[in-house]
Each structure stands twice: as C-alpha cells, then as structure tokens.
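> Sequence:
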Amino acid sequence: MNGAPEISGASSYEAGAAPLAILHLWPYRSLPRRGFVAFIAITCALILMPLIAVVGSPVLWGLLPFVAGAVALTWFLLERSYKDGTLLEELRLWPDRIELTRHNPRGPRQEWSSNPYWVRLRLHPEGGPVENYLTLKGRGREVELGAFLTPGERTALRDELQRALAALGA
Numbered sequence: 001m002n003g004a005p006e007i008s009g010a011s012s013y014e015a016g017a018a019p020l021a022i023l024h025l026w027p028y029r030s031l032p033r034r035g036f037v038a039f040i041a042i043t044c045a046l047i048l049m050p051l052i053a054v055v056g057s058p059v060l061w062g063l064l065p066f067v068a069g070a071v072a073l074t075w076f077l078l079e080r081s082y083k084d085g086t087l088l089e090e091l092r093l094w095p096d097r098i099e100l101t102r103h104n105p106r107g108p109r110q111e112w113s114s115n116p117y118w119v120r121l122r123l124h125p126e127g128g129p130v131e132n133y134l135t136l137k138g139r140g141r142e143v144e145l146g147a148f149l150t151p152g153e154r155t156a157l158r159d160e161l162q163r164a165l166a167a168l169g170a
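Take the sequence shown: its position 43, counting from 1, is numbered 43 in the numbering used here, and each next residue is one higher.
One thing to keep in mind: the hints can contain errors.
Stated by the list, open to error - Estimated spans, in silico, between C-beta atoms of each pair: (1) A167 with Y28: 26 to 36 Å; (2) G16 with R106: 26 to 36 Å; (3) R120 with D84: 25 to 35 Å; (4) I42 with E99: 36 to 46 Å; (5) G152 with V59: 43 to 53 Å; (6) G127 with V71: 41 to 51 Å; (7) G128 with S57: 49 to 59 Å; (8) F76 with V143: 26 to 36 Å; (9) I42 with G16: 48 to 58 Å; (10) A45 with V143: 42 to 52 Å; (11) G128 with Y82: 19 to 29 Å; (12) A45 with R141: 44 to 54 Å; (13) S57 with Y28: 43 to 53 Å.
In case anyone wonders, no lab produced these hints; they're calculated from the structure.
Glycine residues also receive a C-beta, built at the ideal position from the N, C-alpha and C atoms.
Work out the full structure, taking the sequences as your base and the hints as a guide.
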C-alpha cells in the first residue's frame, strides 16, 4: 500500500483514471493552406496567360466561362481534400480497456472498445483493402486502424502497439 486511495472492485477506466497512452492518427497534409493560395494564384496566372492573345475580341468572352469553371472546380476539389483530411483516429489505452474513436469528416463518429487482454492486433500483408492492413479484433468485432497511413507506417504502428499491449499484460 503506497498511501494512494484505492477503489476496490472498480476498474481504472470505471474509476475515471486517465488513460496510460493516447494515440492520435490523421492523414498527411502535403499542401498547407499557404501552399493552397499559391497554387490557385499560379494556376490562374498560367490559365490566363494564353488569353492575352484574345483580349479585346469576342473570343475572350467565349473562353472566360470555361477558364473560371476550371479554376472553381480546382478550388472546390482542393477544399474537399482538406475536408477529407480532417479524419482523426484516437486510440486510448487503460490497463483494463482499449478504445478506438474515429472522427469521420462527412459521417458519424465510430467507436469501438474492448478489454486489452482479449484484443488481437493483426497486420494483413496481403488480401486487405491496402497493403499491410492493420486491424484490432476484440468483443467479436474487427476494426481497421490507420488505413490512410503508408504500409511502412502501419508496420511501425503495429510494433509500437504490440509493445504497449504487452506492457499492459495483454
């Protein structure tokens, strides 16, 4: 007994203890917002450059809607990519509970939990939707983890999670 209060019969999760480990996973953003502005500006400049030859003629008014449409479509698709990049997976570990919460950008939040003792971590080198498909299985359900990561990152994540689960005694 080290003098710390102990709640008998209650697990650390139920007692409100902080998780031993928290892992946040999100997709890589290769184009920051500042780069987005520069990309749109350069795209506009390059698309408008050939139109200099038709300034002052009725042809300009015929081409301008298509140029504006191309820039607007590029803008829209990049914005959608940023929205998709808000995906977040949170994995929390307690001695007696593991929780995975996936915050989807255009859908409901997904949650999964299990006892770490019964959780099985599997790396599927082939046969999954992506190479080195990583899954957690527990409570009769198998969930994916980090499908947006590179195959090497999923392998490293598996190794790190195996160490964390082993430290919990699972």
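> Return holds or violated for the Cβ distance of S57 and Y28 against the range 43 to 53 Å.
holds (46 Å)
> Mind checking the hinted window 26 to 36 Å against the Cβ distance between F76 and V143?
With Cβ atoms ~32 Å apart, the hint holds.
> Tell me if the beta carbons of G16 and R106 are separated by a distance inside 26 to 36 Å.
holds (33 Å)
> Within 25 to 35 Å or not, the Cβ separation of R120 and D84?
holds (30 Å)
> Just to be sure I understand the hint, the distance between the Cβ atoms of G152 and V59 should be within 43 to 53 Å; is that true here?
holds (52 Å)
> Between A167 and Y28, does the C-beta distance stay in 26 to 36 Å?
holds (28 Å)
> Does the Cβ distance between G128 and S57 fall inside 49 to 59 Å?
holds (56 Å)
> Assuming the hint says 44 to 54 Å, is it satisfied by the Cβ distance from A45 to R141 or not?
Since the Cβ atoms of A45 and R141 sit about 52 Å apart, the hinted range of 44 to 54 Å holds.
> Tell me if the beta carbons of G127 and V71 are separated by a distance inside 41 to 51 Å.
holds (42 Å)
> Does the Cβ distance between A45 and V143 fall inside 42 to 52 Å?
At 46 Å between Cβs, range holds.
> Could one say that the CB atoms of G128 and Y82 fall in the range 19 to 29 Å?
holds (27 Å)
> Range first: 36 to 46 Å. Now tell me if the beta carbons of I42 and E99 are that far apart.
holds (44 Å)
Of the hints listed earlier, there is not a single one the structure fails to meet.
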